[in-house]
Amino acid sequence: MIIIDEALRRRAEAGKPVRVGIVGAGFMCRGIVNQIMNHTPGMVVVAIANRTLSHAAAVWAEAGIPHCKEVSDAESLAEAFASNVAAISSNSLALCESDVIDVLVEATGHVEFGARVISAAIACGKPVVNMNAELDATVGPWLAHKAREAGVALTGCDGDQPAAQINLYRFVKTIGLEPLVCGNIKGLEDRYRNPQTQASFAKQWGQSATMVTSFADGTKISFEQAIVANATGMSVVKRGMLGLQHTGHVDELTTRFDVDELRNLGGVVDYAVGPTPGPGVFVFAAVPEHGSASDQAMQAHYLRYGKLGDGPLYSFYTPYHLTVFEVALSIARLVLFDDLAITPIAAPCVEVLTLAKTNLSTGDVIDGLGGFSTYGVCETARKTAEQNLLPMGLAEGCVLKRDVSRDTPLCYADVTLPKGRVATQLRIEQDQYFSTMQNSTSTSSNGLL
Numbered sequence: 492m493i494i495i496d497e498a499l500r501r502r503a504e505a506g507k508p509v510r511v512g513i514v515g516a517g518f519m520c521r522g523i524v525n526q527i528m529n530h531t532p533g534m535v536v537v538a539i540a541n542r543t544l545s546h547a548a549a550v551w552a553e554a555g556i557p558h559c560k561e562v563s564d565a566e567s568l569a570e571a572f573a574s575n576v577a578a579i580s581s582n583s584l585a586l587c588e589s590d591v592i593d594v595l596v597e598a599t600g601h602v603e604f605g606a607r608v609i610s611a612a613i614a615c616g617k618p619v620v621n622m623n624a625e626l627d628a629t630v631g632p633w634l635a636h637k638a639r640e641a642g643v644a645l646t647g648c649d650g651d652q653p654a655a656q657i658n659l660y661r662f663v664k665t666i667g668l669e670p671l672v673c674g675n676i677k678g679l680e681d682r683y684r685n686p687q688t689q690a691s692f693a694k695q696w697g698q699s700a701t702m703v704t705s706f707a708d709g710t711k712i713s714f715e716q717a718i719v720a721n722a723t724g725m726s727v728v729k730r731g732m733l734g735l736q737h738t739g740h741v742d743e744l745t746t747r748f749d750v751d752e753l754r755n756l757g758g759v760v761d762y763a764v765g766p767t768p769g770p771g772v773f774v775f776a777a778v779p780e781h782g783s784a785s786d787q788a789m790q791a792h793y794l795r796y797g798k799l800g801d802g803p804l805y806s807f808y809t810p811y812h813l814t815v816f817e818v819a820l821s822i823a824r825l826v827l828f829d830d831l832a833i834t835p836i837a838a839p840c841v842e843v844l845t846l847a848k849t850n851l852s853t854g855d856v857i858d859g860l861g862g863f864s865t866y867g868v869c870e871t872a873r874k875t876a877e878q879n880l881l882p883m884g885l886a887e888g889c890v891l892k893r894d895v896s897r898d899t900p901l902c903y904a905d906v907t908l909p910k911g912r913v914a915t916q917l918r919i920e921q922d923q924y925f926s927t928m929q930n931s932t933s934t935s936s937n938g939l940l
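Per the numbering used here, the very first residue in the sequence shown carries number 492; after that it's consecutive.
Since the hints were derived computationally from the structure, they do not count as laboratory data. Do not take every clue at face value.
Said to hold, decoys possible - List of simulated lysine-lysine pairs, DSSO-like, C-alpha gap at most 30 Å: (1) K560 x K507; (2) K664 x K677; (3) K677 x K637; (4) K874 x K892; (5) K874 x K910; (6) K560 x K664; (7) K664 x K507; (8) K677 x K874; (9) K677 x K560; (10) K910 x K637.
Please construct the entire structure, taking both the sequences and the accompanying hints into account.
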């Protein structure tokens, strides 16, 4: 951030702003456009793509830009840009193909549509900032692999908890410590919340009831922590993570973990409900084992001097994550410094599996994320494959083949998946590729193969 402001200032002075296209005109897009257009010199939003054009036009109006032009393809988008006119389109491919857009922001939050958009962007060579945690946790490792193979930058986004944790993770490693827990702080968790219970809260903040429900029922935090695991190689202590309940400060949770267990697992992702400072993130780190005894003592001495306690775990935290305020930072990091805020490093380490939120019956159609049917929890990728478990990101639209009781994990064998979905095909490719790379037959039993 300290160098980004100067880099953007120089772009502004040169009259060469970073040019952004956004797909999805919902809650996040509204804030991003306002922030970039009114508070980020050296960056400009060129176009917004959305299936309902009136929603895209409303985003421009809320940002103080009352006039916009509908475009249908890359050529007409270029004409609008040359005329200094804000563009809207129902064709996201126009943004992917456009030479006047430097980077695309995927902000739909929808797994299938996001899969189509990012696949198209990679095919077009367009760098992407992906705000779609649900997609990232479902097929992100494969999309990241495809992007690297194509020489295309694909990154997650500052301002949300996963990248906030990775920023801390990188800081901790840079100062010579060993990060062992990457954590998320929640104020509430109730697996059985639904769009009815969350309707008034959603209305208060101008969000969808399903989005708010996914926050409350633990699905969203599961997606977020799976992303962090896949960007670090970390695991989970158990299915669903620990989810420690605590009303004090997050620093006090350092005593609730066993350092040897954490090291044996390669570090873990987790979350806590109730501690301050919420809604922040934290990383617990230790003095590395590989140092000499004198070096370890020296590090411990100066950490104690810095008021971080006696160890063996030391707490680092950020007390906030500012969503739309920080998206421009990720865009600038990608375009100006070729630095990715967060991205999967290889094969998935942690998945988000699907559990029944209520008793489900044969023939029921599973509704979307944050709905009435299901909620998601984290599990290791190995156990997910071995037990043939259904990823939460593929659950929407599936039809139950049998009755399933509340809190039961769903398997591929329990459902019929919708036909023709890009996300399903990407998942098949991901499972096949990483199964081969790991020289394991565990994922070959996957019900998709």
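| message | Could you work out which of the previously given hints the structure breaks and list their numbers from low to high? | response | Of the numbered hints given earlier, those the structure breaks are 3, 6, 7 and 9, listed in rising order.
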